[in-house]
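Since the structure of chain A is already known, use the hints to place chain B on it.
Protein chains in written order, with my numbering: chain A, 1 to 419; chain B, 420 to 838.
Just so you know, these hints were derived from the structure itself, not from any lab.
Since this is a predicted model, take the numbers as computed values, not measurements.
Any given hint could be a false lead.
As the list claims (entries may be wrong) - Under the rule of at most 20 angstroms between Cα atoms (straight-line distance), these lysine to any residue pairs were calculated in the SDA-like manner:
| hint | chain 1 | residue 1 | chain 2 | residue 2 |
| --- | --- | --- | --- | --- |
| 1 | A | Lys276 | B | Arg557 |
| 2 | B | Lys477 | A | Met52 |
| 3 | A | Lys357 | A | Asn384 |
| 4 | A | Lys277 | B | Gln563 |
| 5 | A | Lys277 | B | Thr564 |
| 6 | A | Lys277 | B | Arg557 |
| 7 | B | Lys695 | B | Pro494 |
| 8 | A | Lys58 | A | Glu296 |
| 9 | A | Lys39 | B | Gly489 |
| 10 | A | Lys357 | A | Thr36 |
| 11 | A | Lys12 | A | Ile331 |
| 12 | B | Lys477 | A | Asn53 |
| 13 | B | Lys696 | A | Glu417 |
| 14 | B | Lys458 | B | Gln739 |
| 15 | B | Lys477 | A | Ser41 |
| 16 | B | Lys458 | A | Gly70 |
| 17 | A | Lys39 | B | Ile703 |
| 18 | B | Lys477 | A | Val50 |
| 19 | A | Lys58 | B | Val469 |
| 20 | B | Lys477 | A | Gln43 |
| 21 | B | Lys696 | A | Glu149 |
| 22 | A | Lys277 | B | Glu568 |
| 23 | A | Lys39 | B | Lys477 |
| 24 | B | Lys776 | B | Gly799 |
| 25 | A | Lys276 | B | Thr560 |
| 26 | A | Lys277 | B | Gly799 |
| 27 | B | Lys458 | B | Pro736 |
| 28 | A | Lys58 | B | Leu473 |
| 29 | B | Lys458 | A | Ile284 |
| 30 | B | Lys477 | B | Asp719 |
| 31 | A | Lys39 | B | Leu490 |
| 32 | B | Lys477 | A | Pro395 |
| 33 | B | Lys788 | A | Gly69 |
| 34 | A | Lys39 | A | Arg138 |
| 35 | B | Lys788 | B | Asp769 |
There are 2 protein chains.
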Amino acid sequence: MTIYTQLSAADKEQLDAELQTQFKAYAADGLNLDMTRGKPSSQQLDLSNVMMNLDAYKDASGTDCRNYGGLDGLPQMKALFAEILELPVDNIIVGGNSSLTMMFDTLARACLFGVSEEDQPWQSQSPRFLCPSPGYDRHFTASQTLGLESILVNMTDNGPDMDQVEALVAQDESIKGIWCVPKYSNPTGISYSDEVVERLASMKTAAVDFRIMWDNAYAEHHIDGNLDSVNEIIAACDAAGNPDRAYVFASTSKISFAGSGVAAFASSQANVAFAKKIIGAQSIGPDKVNQLRHIELFPDLAALREHMNKHAALLAPKFQLVDKILSEELIDAGIASWTKPKGGYFTSLDMSQGSAKRAIALSAELGVKLTAAGAPFPYGIDPNDCNIRIAPSFPTLEDIEIAMRVFTLCVKISALESL
Amino acid sequence: MTIYTQLSAADKEQLDAELQTQFKAYAADGLNLDMTRGKPSSQQLDLSNVMMNLDAYKDASGTDCRNYGGLDGLPQMKALFAEILELPVDNIIVGGNSSLTMMFDTLARACLFGVSEEDQPWQSQSPRFLCPSPGYDRHFTASQTLGLESILVNMTDNGPDMDQVEALVAQDESIKGIWCVPKYSNPTGISYSDEVVERLASMKTAAVDFRIMWDNAYAEHHIDGNLDSVNEIIAACDAAGNPDRAYVFASTSKISFAGSGVAAFASSQANVAFAKKIIGAQSIGPDKVNQLRHIELFPDLAALREHMNKHAALLAPKFQLVDKILSEELIDAGIASWTKPKGGYFTSLDMSQGSAKRAIALSAELGVKLTAAGAPFPYGIDPNDCNIRIAPSFPTLEDIEIAMRVFTLCVKISALESL
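Only chain A is shown next, with the shape it has when bound in the complex (with noise of 0.2 angstroms):
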C-alpha cells in the first residue's frame, strides 16, 4: 500500500475499484454489529456477581441498611471512595447509582441556588462553560441542557490546552467552570499533566464562582497493569489559595455493574456542606443496602485493585486487537492516527478533515454502528469533522475484528473520496 495522497490518479482509480468490490461483499453479508457503547462486557459484568446476594443487612457500625436515613452513605464506602479519590472521608458524599446524576444535580444547584451562600445563581448569569474536546457527550448535553453555553477548548496529550483555557477564563466572568476527565480522559485516553493539574489549579478567573467538574470515571480503570498517577486537585485548588474550585465525582458503575453501581461527589467542606443542605431537601439518603453489597466485594482499595486487574484482563485484548487492525489496514495509507490508550473505554481516531462523518455513514450502510460523528463536541458538532470514537469492551473479539475490518474499509473510501 502507498501513502493516499502519493497515489497517482491509475492507482486511485484502481485502489477504488478494489475497496467498492470489498464494500459489496460485506454489503451481502447483512452485518449488525454496535461499536458504540462505552459499557462493559458481560464478563466483566460476571466479575461482581457475588453482589446478587448478600447475608447480612447491618453495616459494622450496626446500622440496619435496608431502612431509611444515612444522607451522605455509610461509613465504609465513604472510606473507599477516600481510598480511591486520595482524600478525607469528610470530603465524601456517597449517591445513589449514577454519578452523571450528581454531576447534573451538582450544576443544577449551582444554576438555582449559586455555588455558595455569597454567589448569585448561574441561571441569571447567562453562565458558559468550557468543554475539553474531544471530550465526553454526556457532560456536555448535561451542561447544555441546563443552559450552560458550551466553549470548545481544544485536547492535547496532556489535557486541556491551558494557554486557551487561561486566556478564557481570565478575561470572561460568564465562564463557570470546565469539564474534566483527569484520567483515561474520555475518549482519547490521556492523563493530565502536573503541570496541567496546578494551571487548572492556581489560574486567574474572572468569575469568582468558577467551578472545575473532575470527573474521574476512570480512577481505577488501567488496561495495562499499571495504573496512571494524577495530582489530587482539591488538594492542588486549596493550595493555590482556591479551596472551593474543584468538585470530583467518582463511581463504581465500570468496576461492579454499570447501572447499579454507587456514585460519589467530593470537594472542599464548605461545598460539601452548601451541598448537603440542599441534598438534605432532596433525599433521605441512597441505597444502602447496595453500598453493602459493593463493601462486601470491596472491603478495601486492594481488593478493589485486585478486581480491577481482572477488568484489565478482559479489556486488554479488545483494545490490542483494535490497534492491531488500525495498523495493519490503515498505517501504510497515512489516512488516520490514533491512541494506544492504558486504560478507559475508547480508542479515538482521527483522520483526514471532513472525512469522518462520511465514514461513519458508510459503515452503517455495512451494518456497523459508531458513534455519531461529533458526538465528543459541544452541541454534536466537530469543527474538522476527523475525530471517531471506538469502543471495544462490549463486544467480543470476534464481533470486534469484523467490525474494524468494515470500518477501516469505510475509512479508507471516505479518505480516498476526500483526496
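For chain B alone, kept in the frame of chain A given last:
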C-alpha cells in the same frame, strides 16, 4: 376523672400534685424512647428479606439488568406501578430509591425550565405553593428549599379545605401548585373524597402552569384489611380539561425496604415526554437490578397486596395500642382529640391551643422524643400550637406503651398549665 375545664381550684391543685408525682417517677426511670420516626420496623423489613438474594440478572425480556440503560425502568416494574396507580404504563417513569427525590427534581425542573416548552421557569415568577396542613414536613421543606413560598391551607376530614384552595388559586397567578397526600394523608390519615378530587381537577387557576403534587405515598398502606379508594387524579384532570395538571408519585419504600425501594413518577404523556428529555441528560437510567429484585418479590399487584396484609398485621396492634392509651388517659379529661387512621403511618393529635410545644418539651425531659411541634406545618410553625404527630410504626409495643403513658401525662400537665 373530670373534664379539665370544669375542675374546681382545689381539684386542680390536687391533680397538679398527682401529675407532678408521676412526672418525677418517670424522670427517675431515665427513659430513652423515640416516637418521631415514620419508618417501618425491622419486623416489617424482614417481610422483604428475599430481596437480599437474586438468582437471575436478566428480566423477562432478556435485558441484562446489571448494565447501563433503560431510562424509565424495566417494563415489568412500570407495569406494577401502572397497576398500583391505575394508569397506563406509558404515563410512568420508574426512578431510583426515593419518591422524595423525584418530587424535588420535578419541582426543580419547573423552577429551572418551566413545566413545558411553552411555559416560563417558575424561578423568575416569585412562585408560591399551597401546603394543606398538618401535612408532610419533607414536602414543605422541598418546595421551600427551591424558593417556593409556602401558603398554609387547612386540612379537613375529606382533604384540603377546597373553598380556601379555590379562592386562593383563582386570584393569584404566583400560586403554582399544591401538595397532596390523597390516601391515608400524612399525618391525619384521611383519604380525599370524590368531591375534593373533582374540585382539584376542575378548579379555575390564575396560573396556567398550576400543578398538583399528588404524593400517593400510602396507595396500598391500609392498617385494617380494607384499602381506601381515591379517584385517580390524572384521569380526573383530563376529563376536566386540565390534562397536564397532575404530577403523581409513589414508591415501594414502605412496602419493601425503606431505603432501598423503587420510586415512580406518573403524569400526562406530554408531561412525561417533557420530563424525560431533561432526565435523559441527568441519568443513564435507574438501578435495574433492584427493580428485578422487586419484580421477583411482587410479580403482580395481587402478590403485593398479600404482602401489604402482612404489614397491616404488624402495624395494627401498634395503632390500636396508641388509641387505647390515648382513650384511657385523655378522653375523660376532654383535653385532646385524635385520629383513628385506617392506613398510613401516623396518629395525629390535637390538644388545646398553645400547649403542644410544651407537652412535647415535657416528654423530651422524660426521655420520650416526639416529632417537633409545628413540623407538619409550613416553616415548622403551627399557628395554633396544638397539633402533635405520633409515629408508632418503628418502636416495639412495650416501648409504645411506656412512651404513650409518658406522653399523655405530659399532655395533661401542659393542658392543666394552659387553663
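Now for the hints, and whether the structure bears them out:
Restraint check for lysine 276(A) and arginine 557(B): the C-alpha separation of about 15 angstroms stays at or below 20 angstroms, so the hint holds. This hinted pair checks out: lysine 477(B) and methionine 52(A) have alpha carbons roughly 12 angstroms apart, not beyond 20 angstroms. Between lysine 357(A) and asparagine 384(A) the CA atoms are separated by roughly 10 angstroms; this keeps the pair inside 20 angstroms, and the hint holds. Annotation: proposed proximity of lysine 277(A) to glutamine 563(B) holds, straight-line Cα distance about 12 angstroms (limit 20 angstroms).
For the hint pairing lysine 277(A) with threonine 564(B), the CA-to-CA distance comes to about 9 angstroms; that is within 20 angstroms, so the pair holds. For the given pair, lysine 277(A) sits about 13 angstroms from arginine 557(B) by alpha-carbon distance, which is consistent with the 20 angstroms threshold. Of the pairs offered as hints, the one joining lysine 695(B) and proline 494(B) holds, with about 16 angstroms between alpha carbons and a cut-off of 20 angstroms not exceeded. At roughly 11 angstroms between alpha-carbon atoms, lysine 58(A) and glutamate 296(A) fall within 20 angstroms of each other, so this suggested pair holds.
For the proposed pair lysine 39(A) and glycine 489(B), the alpha carbon gap of about 13 angstroms is at most 20 angstroms, so the pair holds. With a C-alpha separation of about 14 angstroms, the suggested pair lysine 357(A) and threonine 36(A) falls inside the 20 angstroms cut-off, and the hint holds. Only pairs whose Cα atoms come within 20 angstroms are accepted, and lysine 12(A) paired with isoleucine 331(A) is accepted, the gap being roughly 17 angstroms. As the CA atoms of lysine 477(B) and asparagine 53(A) are separated by approximately 15 angstroms, the hinted pair is consistent with the 20 angstroms bound.
For the hint pairing lysine 696(B) with glutamate 417(A), the CA-to-CA distance comes to about 38 angstroms; that exceeds 20 angstroms, so the pair is violated. Our distance criterion of 20 angstroms between C-alpha atoms is met by lysine 458(B) and glutamine 739(B), whose separation comes to about 18 angstroms. Between lysine 477(B) and serine 41(A) the CA atoms are separated by roughly 14 angstroms; this keeps the pair inside 20 angstroms, and the hint holds. Restraint check for lysine 458(B) and glycine 70(A): the C-alpha separation of about 13 angstroms stays at or below 20 angstroms, so the hint holds.
The suggested pairing of lysine 39(A) with isoleucine 703(B) holds, with an alpha-carbon distance near 11 angstroms, which does not exceed 20 angstroms. A hinted pair counts as satisfied when its Cα atoms are at most 20 angstroms apart, and lysine 477(B) with valine 50(A) qualifies at roughly 15 angstroms. The hinted pair formed by lysine 58(A) and valine 469(B) meets the criterion: a straight-line CA distance of about 15 angstroms does not exceed 20 angstroms. For a cut-off of 20 angstroms, the pair hint linking lysine 477(B) to glutamine 43(A) stands: about 14 angstroms separates their Cα positions.
With a C-alpha separation of about 18 angstroms, the suggested pair lysine 696(B) and glutamate 149(A) falls inside the 20 angstroms cut-off, and the hint holds. This hinted pair checks out: lysine 277(A) and glutamate 568(B) have alpha carbons roughly 18 angstroms apart, not beyond 20 angstroms. With a C-alpha separation of about 17 angstroms, the suggested pair lysine 39(A) and lysine 477(B) falls inside the 20 angstroms cut-off, and the hint holds. Straight-line distance between C-alpha atoms of lysine 776(B) and glycine 799(B) comes to about 12 angstroms, which keeps the hinted pair within the 20 angstroms bound.
As the CA atoms of lysine 276(A) and threonine 560(B) are separated by approximately 14 angstroms, the hinted pair is consistent with the 20 angstroms bound. At roughly 17 angstroms between alpha-carbon atoms, lysine 277(A) and glycine 799(B) fall within 20 angstroms of each other, so this suggested pair holds. Pair hint lysine 458(B) plus proline 736(B) holds up; C-alpha atoms about 16 angstroms apart against a cutoff of 20 angstroms. In summary, the hint linking lysine 58(A) to leucine 473(B) is supported, as the alpha carbons are separated by about 18 angstroms, within the 20 angstroms threshold.
Proposed proximity of lysine 458(B) and isoleucine 284(A) is supported: the alpha carbons are some 11 angstroms apart, at most 20 angstroms. Simply put, lysine 477(B) and aspartate 719(B) have alpha-carbon atoms about 18 angstroms apart, close enough for the 20 angstroms limit, and the pair holds. As the CA atoms of lysine 39(A) and leucine 490(B) are separated by approximately 15 angstroms, the hinted pair is consistent with the 20 angstroms bound. Proposed proximity of lysine 477(B) and proline 395(A) is supported: the alpha carbons are some 18 angstroms apart, at most 20 angstroms.
Distance hint between lysine 788(B) and glycine 69(A) is fulfilled; the C-alpha atoms sit about 17 angstroms from each other, no more than 20 angstroms. The straight-line distance between the Cα atoms of lysine 39(A) and arginine 138(A) is roughly 14 angstroms, inside the 20 angstroms bound, and the hint therefore holds. Pair hint lysine 788(B) plus aspartate 769(B) holds up; C-alpha atoms about 17 angstroms apart against a cutoff of 20 angstroms.
Going down the numbered hints, you'll see the structure goes against just number 13.
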